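Fit chain B to the supplied structure of chain A, relying on the hints for placement.
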Amino acid sequence: MTPRRYPSQILLGTLLIPTTAFSATGDLQGSRALANLLALQTPTYRVECLDPEISERWPQPSYFLIKRNFSAGAFTVKLAWSGTATRGTDYRTSHGTTATFPDGVDEVLVTVTPIRDRSTENNETITLTLSDYNSNATGQIVDAAQGPSESEATRFLVQAAFGADGATLKEVQQMDFDRWILDQFSRPLGRTAPILQEMRQRGEPIYHTATKMAIWQQVMRSPSRGPRSRMPDPLRQRVAYSLSQIFVVSQKLDTLGNNSDGVASYYDTLLTHSFGNYRDLLKAVCLHPCMGLYLSHLGNRKADPSKGRFPDENFAREVMQLFSIGLWELNPDGTRKLRNGQPIPTYDNTNIREYARAFTGYQYGGTQNTQFKWAKQNFVDPMKLWDSEHDLEPKTFLSGVVTPKRTASSPDRGLAAMADLDAAVDSLYLHPNVGPFLGRLLIQRFTTSNPSPAYIRRVATAFNDNGRGVRGDMRAVIRAILLDPEARTFPTVTAKKREPYLTLMQLAKTFDAQPVSGRYPSATYMYDFMLQEPFESPSVFNFYQPAYRPSGEMTDQNQNGPEFQIMTAVTAHDHLNITRKFIHEHLARWGADANDQIKMKLNDYMAMADKPDQMVHRLANRVLDRRLNPVSSRIIRQAVGQIPTTRNNWQRDRVHMALYLICACAEFQVQR
Amino acid sequence: MSSNQHSNKDNNGLSRRDFLGQASCAAVGSTALASTLLNLFLTSSASAAGIRQGGEDYRAIVCLFLPGGNDSFNLVVPRGVAEHATYARTRGDLALARDTLLPLDANWNTGPELGLHPRAVELAQLFDAEKLAVLANVGSLVRPTTKDDYRTKTMLPYGLFSHSDQQEQWQTSIPDSREGLGWGGRMADLLFPSNGASNVSMNISVNGNNLFQVGRSVAPYTVGSNGALSLRGYKDGSPYADIRGAAVDNLLAQQYDNALERTYNRMRRNARDAFDTYQAATAVGLPTGVAFPDNSLGRSLSQVAKTIAGRKVIGAKRQVFYVQWGGWDFHDNVLNSMDAMIPVLSAGIKAFYDATVALGISDKVTLFTASDFGRSLTSNGMGSDHAWGGNQIVVGGAVRGKRVYGEYPDLALNSSLDTGRGALIPTTAVDEYAAELALWMGVQRGDLNMVLPNIGRFYDVRSNAAPLGFLV
Numbered sequence: 004m005t006p007r008r009y010p011s012q013i014l015l016g017t018l019l020i021p022t023t024a025f026s027a028t029g030d031l032q033g034s035r036a037l038a039n040l041l042a043l044q045t046p047t048y049r050v051e052c053l054d055p056e057i058s059e060r061w062p063q064p065s066y067f068l069i070k071r072n073f074s075a076g077a078f079t080v081k082l083a084w085s086g087t088a089t090r091g092t093d094y095r096t097s098h099g100t101t102a103t104f105p106d107g108v109d110e111v112l113v114t115v116t117p118i119r120d121r122s123t124e125n126n127e128t129i130t131l132t133l134s135d136y137n138s139n140a141t142g143q144i145v146d147a148a149q150g151p152s153e154s155e156a157t158r159f160l161v162q163a164a165f166g167a168d169g170a171t172l173k174e175v176q177q178m179d180f181d182r183w184i185l186d187q188f189s190r191p192l193g194r195t196a197p198i199l200q201e202m203r204q205r206g207e208p209i210y211h212t213a214t215k216m217a218i219w220q221q222v223m224r225s226p227s228r229g230p231r232s233r234m235p236d237p238l239r240q241r242v243a244y245s246l247s248q249i250f251v252v253s254q255k256l257d258t259l260g261n262n263s264d265g266v267a268s269y270y271d272t273l274l275t276h277s278f279g280n281y282r283d284l285l286k287a288v289c290l291h292p293c294m295g296l297y298l299s300h301l302g303n304r305k306a307d308p309s310k311g312r313f314p315d316e317n318f319a320r321e322v323m324q325l326f327s328i329g330l331w332e333l334n335p336d337g338t339r340k341l342r343n344g345q346p347i348p349t350y351d352n353t354n355i356r357e358y359a360r361a362f363t364g365y366q367y368g369g370t371q372n373t374q375f376k377w378a379k380q381n382f383v384d385p386m387k388l389w390d391s392e393h394d395l396e397p398k399t400f401l402s403g404v405v406t407p408k409r410t411a412s413s414p415d416r417g418l419a420a421m422a423d424l425d426a427a428v429d430s431l432y433l434h435p436n437v438g439p440f441l442g443r444l445l446i447q448r449f450t451t452s453n454p455s456p457a458y459i460r461r462v463a464t465a466f467n468d469n470g471r472g473v474r475g476d477m478r479a480v481i482r483a484i485l486l487d488p489e490a491r492t493f494p495t496v497t498a499k500k501r502e503p504y505l506t507l508m509q510l511a512k513t514f515d516a517q518p519v520s521g522r523y524p525s526a527t528y529m530y531d532f533m534l535q536e537p538f539e540s541p542s543v544f545n546f547y548q549p550a551y552r553p554s555g556e557m558t559d560q561n562q563n564g565p566e567f568q569i570m571t572a573v574t575a576h577d578h579l580n581i582t583r584k585f586i587h588e589h590l591a592r593w594g595a596d597a598n599d600q601i602k603m604k605l606n607d608y609m610a611m612a613d614k615p616d617q618m619v620h621r622l623a624n625r626v627l628d629r630r631l632n633p634v635s636s637r638i639i640r641q642a643v644g645q646i647p648t649t650r651n652n653w654q655r656d657r658v659h660m661a662l663y664l665i666c667a668c669a670e671f672q673v674q675r
Numbered sequence: 091m092s093s094n095q096h097s098n099k100d101n102n103g104l105s106r107r108d109f110l111g112q113a114s115c116a117a118v119g120s121t122a123l124a125s126t127l128l129n130l131f132l133t134s135s136a137s138a139a140g141i142r143q144g145g146e147d148y149r150a151i152v153c154l155f156l157p158g159g160n161d162s163f164n165l166v167v168p169r170g171v172a173e174h175a176t177y178a179r180t181r182g183d184l185a186l187a188r189d190t191l192l193p194l195d196a197n198w199n200t201g202p203e204l205g206l207h208p209r210a211v212e213l214a215q216l217f218d219a220e221k222l223a224v225l226a227n228v229g230s231l232v233r234p235t236t237k238d239d240y241r242t243k244t245m246l247p248y249g250l251f252s253h254s255d256q257q258e259q260w261q262t263s264i265p266d267s268r269e270g271l272g273w274g275g276r277m278a279d280l281l282f283p284s285n286g287a288s289n290v291s292m293n294i295s296v297n298g299n300n301l302f303q304v305g306r307s308v309a310p311y312t313v314g315s316n317g318a319l320s321l322r323g324y325k326d327g328s329p330y331a332d333i334r335g336a337a338v339d340n341l342l343a344q345q346y347d348n349a350l351e352r353t354y355n356r357m358r359r360n361a362r363d364a365f366d367t368y369q370a371a372t373a374v375g376l377p378t379g380v381a382f383p384d385n386s387l388g389r390s391l392s393q394v395a396k397t398i399a400g401r402k403v404i405g406a407k408r409q410v411f412y413v414q415w416g417g418w419d420f421h422d423n424v425l426n427s428m429d430a431m432i433p434v435l436s437a438g439i440k441a442f443y444d445a446t447v448a449l450g451i452s453d454k455v456t457l458f459t460a461s462d463f464g465r466s467l468t469s470n471g472m473g474s475d476h477a478w479g480g481n482q483i484v485v486g487g488a489v490r491g492k493r494v495y496g497e498y499p500d501l502a503l504n505s506s507l508d509t510g511r512g513a514l515i516p517t518t519a520v521d522e523y524a525a526e527l528a529l530w531m532g533v534q535r536g537d538l539n540m541v542l543p544n545i546g547r548f549y550d551v552r553s554n555a556a557p558l559g560f561l562v
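As given, the protein sequences belong to chains A and B, one line each in that order. Numbering of the first sequence is given in my numbering, commencing with residue 4 and proceeding in unit increments. Numbering of the second sequence is given in my numbering, commencing with residue 91 and proceeding in unit increments.
Bound conformation, chain A alone (with noise of 0.2 Å):
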């Protein structure tokens, strides 16, 4: 809605001095007021509504914001309270019939809370209006029944997806979570490797960029464009991310470094199987060349104990540590078994040496490969197995699992040793740590650093049975991740520190920063500004880890904030470095060609300028999972308003300066 102004062109020129603003100051302050009047001010009094969309479901303060145009002197307005929601009834407000000004300040904010009610009713309004000085506002209470608001809309959006594009928004408003989550399982997938096909053909080199541009290219598709079939997919894109910071390979790794189509090919298999079963996605990592070479199972032969030769441990331990069962027996609400008050480790080295040796024979794959030795390099096909090189005696893995003596296949077709897979990766399937172990990883990586014991165990127990008698279901683990009620009750419970990474994404989604070129060489190379990049971790631990803490206060209440590990002196001020250059010019490390320029579309905005209050808290409610608090608002509202309409380019100026200072406060940074 748009608020009433007050009819200045009535006082234009009359100077109409309302005879109260004197009456309840002395003096010295009425001496000030007449000294702003001498400034040829005229003195009025307005109100403006803030956050016009109110939610009866999503119960969350929001403001009506009534200004005057001076500061000197205490004073008391009236409040009128009409609309068709009732208050007390409908809503409550932080002040009833009057609005006091201390002295120096020139602005009150009213705060409006709705209550919630079992009716269902049609969307009521609230008006305040100031009766003495002609001025009103009025927001509009959603009604429970009519679906997630905006803000709460805004909020899942961030959690689940890249914040909250408008046609994304219109989408998850008009189906609620669950089925938005629903729709999402149906999308068709949108793969990376195909985006560097187009490119090659192009005639565009493929650099070690190339799978980070195609991420872009898919996270930053637009809904409202092209039929279903072409519809994106932004939750699976969002789940494939979070997988590549549990499944890790990076391009910091030389030999990947310069291998995007293995690396998008990998990036695929997260994709493939975000929404399918975690037992076939473990096993796709497994074989995936990419990880091969990063974990250093690919070349992998059996022992040669005349030559002091053993399986390498690399990938027989992580696959353990990393990305399955971690390294203690863990409950089902994810706290550890206890004996004799000491944790139970999960494996010693004696169960990695046996995992080892299952990881033996593999080898590059493809039609072209016919041999394990001289294998040519193939980062696109599945690994190949080889019983030739493989270890054919007796295994004992976890949950129990033993494998017998196997015999080799003939001709070779590394059947023993895809047995000896089946059985590896089924034992680590089958532990009862991976519920827990995993659900929590997830968790940190969608809504909160610090889930509670609770969380832990429901999102267990989706991973253990998805309610039809399936283990591994992901879309049950998705949806209990996201539907779960720490992540989404009022008030809200969880924090985590977004990732750096993640809002330059929301940022380009949010404002439609989509280049002409539709390209996005521009976004790339930012690991350098905030630590985070795709296929950018230092090592197989990720980016961060998901115990750590930062020293202080979280550190004392062993609060985890995966996040902060990467928050340096340096990042801390990079990472708005970036963000402001990002907002004030374009998304690029240096100079991007005009095509390619990843920019803001801010105009809307810019329009509204002149009511930099409300212009400030619209921008607010598009980025942020809540309102700015009453604090960082006044700081905001107050700086963009010293930007005087008399220079240049001031919209422009105002919106840079409120987008900016939204995105350096906390309330941005740290996701509720």
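Think of the hints as simulated: they come from the structure by calculation, not from any bench. Just so we're clear, the structure is a prediction, and the values are computed from it rather than from any experiment. Treat the hints with caution; some may be incorrect.
Simulated coverage check for chain B against chain A, where a stretch passes if three residues somewhere in it have a Cβ under 8 Å from a Cβ of chain A [unchecked claim]:
no.: 1; stretch: 208-216
no.: 2; stretch: 327-337
no.: 3; stretch: 354-366
no.: 4; stretch: 417-428
The list that follows gives simulated cross-link-like pairs (lysine to aspartate or glutamate, EDC-like), each with its CA atoms no further than 16 Å apart [what the hints assert, rightly or not]:
no.: 5; chain 1: B; residue 1: K243; chain 2: B; residue 2: D266
no.: 6; chain 1: A; residue 1: K305; chain 2: B; residue 2: D422
no.: 7; chain 1: B; residue 1: K492; chain 2: B; residue 2: D550
no.: 8; chain 1: B; residue 1: K243; chain 2: A; residue 2: D351
no.: 9; chain 1: B; residue 1: K325; chain 2: B; residue 2: D266
no.: 10; chain 1: A; residue 1: K70; chain 2: A; residue 2: D135
no.: 11; chain 1: A; residue 1: K310; chain 2: B; residue 2: D266
no.: 12; chain 1: A; residue 1: K70; chain 2: A; residue 2: D613
Positions of the beta carbon are idealized from the N, C-alpha and C atoms, including for glycine.
Then chain B, alone, in the frame of chain A:
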């Protein structure tokens, strides 16, 4: 600690050291850790009070962390004929040829004759100049540990052989607890009052956040290898920078109701407050003629040297630096990789030592290396796997150099230290290594167990002898 010492058990199955360890640990077992940390505030000035305020009393340690697990039995290698033959048999295709090793003609070494990796030329020079010492077979231990302990899984470090755990334990020196504080942080908690009211932390990292430097009161100041970085558009004269700067300050002054929001704001405030001081301190630069190799290690160590050069601007009497370089997890191609990395390491360390000489404070600065673990002695086909004990080096004017500390182990497979594939039980604990450095930095003996809660299991803090003796 040596292997004879911990096999010297009395009738109760406890060595004298074990007994001492348990006695002094009773107060600081992991359950009692919280109360120890509370006590810390009461005593934090005791160690700091020992630091002279008049005149210059400066000391710094530089932790050079080599992440991934340096294959350090190929950095410090047996050179005696028989021992080298054993080494070569065990390492197979990973063995370095005896005649390529740089001889270490030690003034003091109770173990076999040793040599350095052929490309560690500068390190060999520093050794000969008595500025570098070798620490043999160091690693994380809960208490002195035998092969029987390993077999029966008695008092072993958590997550043995895993990168994340072993890195954490080198940095906390409490391998039997999940500890949120590092020993460099706990040390700084005791010593930071000596730095007065400086707004630059006592603990400075040039290569990322790390557990080592996290203290209860002391939060590390983490810059980059190119130093600190300003917030652009903040009071820098650019359009509306004053308006923006004031608003940013006001936003940062806000108190939030959530710990993550508060933490974010605090980290931003620290970055802002330290920037001007740190920038002014490091702008002084290094004396002419001081040069560092143009690579990431060189840049990082150069940044540390610049910070040390600006110590008076910062107002620091004690500093703990963290440098991290390389990825040493060579499950494959270990020989070629180390051939490429050892010269960089060697030249970088030498350049740093030379810079401290040029600054006139070489005897006030000690650099020490650390890494997740040593690697398996056996090969997995031109690569090695995660193991446990490894060799480290310390460098500086205060180092009693040209010596080998600890016991260089027998590298035969199935030795009394071999847990399998040549993953060796350490014979010196990280606690002892850290204790030597902490005492040198000025931590009082009586405070040592606040920095290193398990130290009593390895070293009698009431003794007059140094834990290892590598520092003057």
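We went through each hint and held it up to the structure:
With 0 residues bearing a CB less than 8 Å from a CB of chain A, the stretch 208-216 of chain B misses the requirement of three and the coverage assertion fails. With a threshold of 8 Å between beta carbons, the proposed coverage of the stretch 327-337 of chain B by chain A holds, since 6 of its residues qualify and at least three are required. Against chain A, the stretch 354-366 of chain B contributes 9 residues with a C-beta closer than 8 Å to a partner C-beta. That satisfies the three-residue criterion, and the hint holds. Counting residues of the stretch 417-428 of chain B whose beta-carbon sits less than 8 Å from any beta-carbon of chain A gives 4, enough to reach three: the coverage restraint holds.
For the hint linking K243 (chain B) to D266 (chain B), the alpha-carbon distance of about 12 Å falls within 16 Å, and the restraint holds. Restraint check for K305 (chain A) and D422 (chain B): the C-alpha separation of about 15 Å stays at or below 16 Å, so the hint holds. Taking the CA atoms of K492 (chain B) and D550 (chain B), the gap is about 26 Å. The hint is violated against a cut of 16 Å. A C-alpha spacing of about 10 Å is found between K243 (chain B) and D351 (chain A), which places the hinted pair at or below 16 Å, so the restraint holds.
Annotation: proposed proximity of K325 (chain B) to D266 (chain B) is violated, straight-line Cα distance about 48 Å (limit 16 Å). Straight-line distance between C-alpha atoms of K70 (chain A) and D135 (chain A) comes to about 14 Å, which keeps the hinted pair within the 16 Å bound. A C-alpha spacing of about 37 Å is found between K310 (chain A) and D266 (chain B), which places the hinted pair above 16 Å, so the restraint is violated. With a C-alpha separation of about 14 Å, the suggested pair K70 (chain A) and D613 (chain A) falls inside the 16 Å cut-off, and the hint holds.
Hint check: violations occur at hints 1, 7, 9 and 11; the rest are consistent with the structure.
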